[in-house]
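Chemist: First to last, the protein sequences are chains R and P. Numbering of the first sequence is given in our numbering, commencing with residue 2 and proceeding in unit increments. Numbering of the second sequence is given in our numbering, commencing with residue 2 and proceeding in unit increments.
Keep in mind the hints are simulated off the structure, nothing from the lab. One should not assume that every hint holds.
Treat identical chains as interchangeable: a pair holds within one or across any two.
As a list, the in silico PhoX-like pairs of lysine-lysine whose alpha-carbon atoms are at most 20 Å apart [said to hold, decoys possible]:
no., residue 1, residue 2
1, K291, K131
2, K207, K55
3, K169, K280
4, K280, K174
5, K99, K291
6, K225, K169
7, K280, K206
8, K30, K280
9, K218, K236
Protein chains: 2
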Amino acid sequence: MADYVFGVDIGGTTVKMGLLTTDGTIVEKWEIPTRKENKGENILPDVAASIEAKLSEKKISKDNVAGIGVGVPGPVTADGVIQRAVNLGWGKFNVNEKLESLTGIKTMTGNDANVAALGEMWKGGGMGYKSIVMVTLGTGVGGGIIIDGKILTGATGAGGEIGHIHVKDGEEKACGCGGHGCFEQYASATGIARLAGEHLAKWSKKTVLTDADLSAKAVFDGVKAGDELCIEIAKDFGECLGKGFAVIATILNPEAIVIGGGVSKAGEVLMDYFMPAFKNTVFADCGNCKMLLATLGNDAGMYGAAKLVL
Amino acid sequence: MADYVFGVDIGGTTVKMGLLTTDGTIVEKWEIPTRKENKGENILPDVAASIEAKLSEKKISKDNVAGIGVGVPGPVTADGVIQRAVNLGWGKFNVNEKLESLTGIKTMTGNDANVAALGEMWKGGGMGYKSIVMVTLGTGVGGGIIIDGKILTGATGAGGEIGHIHVKDGEEKACGCGGHGCFEQYASATGIARLAGEHLAKWSKKTVLTDADLSAKAVFDGVKAGDELCIEIAKDFGECLGKGFAVIATILNPEAIVIGGGVSKAGEVLMDYFMPAFKNTVFADCGNCKMLLATLGNDAGMYGAAKLVL
């Protein structure tokens, strides 16, 4: 049995890397820049070189490494083939085979959102559960589904793409995906900022938002301070978030939904705004789904990537 | 290796039973009545007696039976505990343990809709696929999710309860579950009949529905005959069906959706009405999900129950 494992989370700006023991303790974590030039051809060689350097530095032999887990920003099929990763300049190829040939170490690759979900289940907000959905409320809305401890990858690597489920009829503005009424249009940081702008334009009373940047943080700071407009915006946001969660919980009947991403920093106050719509919309048998906050932040992908090979 | 397996599908009126070879060929199928009196306490003893009689008749020893698979109308957790089965009079108990103690044969139990999905994957419309969602458009809308050949049971046995996902805002009529705008309110046989009634009340031109029973069959017979009102109703129904399918496909990214139940008897014409809304609403990466018709009819549960133990 090997003692170590690498977790690698490849993002558009930096690659987050971690050397962990196989029980999930971080020995060391570090970052390298993501070199996207020439269709990102340097990214995996850079990762391989960084791993080789770390093994030399720590005097760890490759025999004592269980493998390298990798999270990438794009759809990945179960055999490690990325379909495309626009943010990295990558087209379609087998990431597992490429990194294995560079390092001689077994590699497993997953979509970054799915891998982060696995990380939160293993060592984060979803610890103790085996079937969870992680929902990342960031610039967009990402998702990862874990069933009995395994990622639901999907037929084309797009399992858990919950940001684009339809949650609202009659929306006139288009989502980035071309759809109308996508979950992401309301439940993301961008979505809250948009809702805030729309509400503010119709608001004549005093509000803290008048002199603030319109952001999820400003809205929830306002909610905590009792600002009337912010509370209205949070209700609107919560209605869509709760409806989206209800659809997810009704289909999958998970033990828990784990909420991460920038918006989740608002904390427990979020629950007050989405729980009424959730309870009102979810099928009763699925209604006791736990609602938990993610705890690993930017390290979730690194943990989850490592778990992928264990 | 055993040569035989039993598949048992317990319904509110009859229990459908099958003796199959382990490669999935039916040796014999038969039915016994479902005796619901005294909280359904006779149902499993009746099943056990029927199995014992069949084994004697066919001169098959219990050692040569891989097991008994059972489908029941209610939520069942992975360990075989039914939470309740209102149609049978049952409360909460472990079906596996009960039938094993009655027969001495290993038993596996699942929810009837989930088990039917497994059957369609094994020997029906979903043959050749490993990750499918079966949607049963009957009196209500039932569902079963199969991921990598395994039923998605859910934390409380309610996985795949897609009949109660929210698909339409602003609905005033309540669903049987108490919700408003549930998939089942539009996409079931009952739902189509209701839509037909609403449309007919506002219709002044000639239509075949004037002298017909308002049913899914009447509507789709009318569609095939070019009836203008029936086409309007089918469009309305198709809009909701397509939106529901899109949400399911976007979350799960299955290889295929298999459509069963009474409404599916309308056949390929259904596709014309739900595919536009599906294509318009689904996340692009999940849009190549195959749409297939179920082929096993009432035998799906028996096949799937048998597959449960194999």
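Chemist: Each hint should be assessed against the structure and marked as holding or not.
Modeler: Hint check results:
1. K291 with K131: Within one copy only: 13 Å inside, 29 Å across.
2. K207 with K55: So K207 and K55 fail the 20 Å test inside a copy (56 Å) and across (79 Å) alike.
3. K169 with K280: both (17 Å within a copy, 17 Å between copies)
4. K280 with K174: between (28 Å within a copy, 18 Å between copies)
5. K99 with K291: neither (39 Å within a copy, 31 Å between copies)
6. K225 with K169: The answer is neither: 27 Å in one copy and 32 Å across copies each exceed 20 Å.
7. K280 with K206: neither (32 Å within a copy, 43 Å between copies)
8. K30 with K280: Intra 40 Å, inter 43 Å, cutoff 20 Å: neither.
9. K218 with K236: Classified as within; 15 Å inside a copy, 43 Å across copies.
Hint check: violations occur at hints 2, 5, 6, 7, 8; the rest are consistent with the structure.
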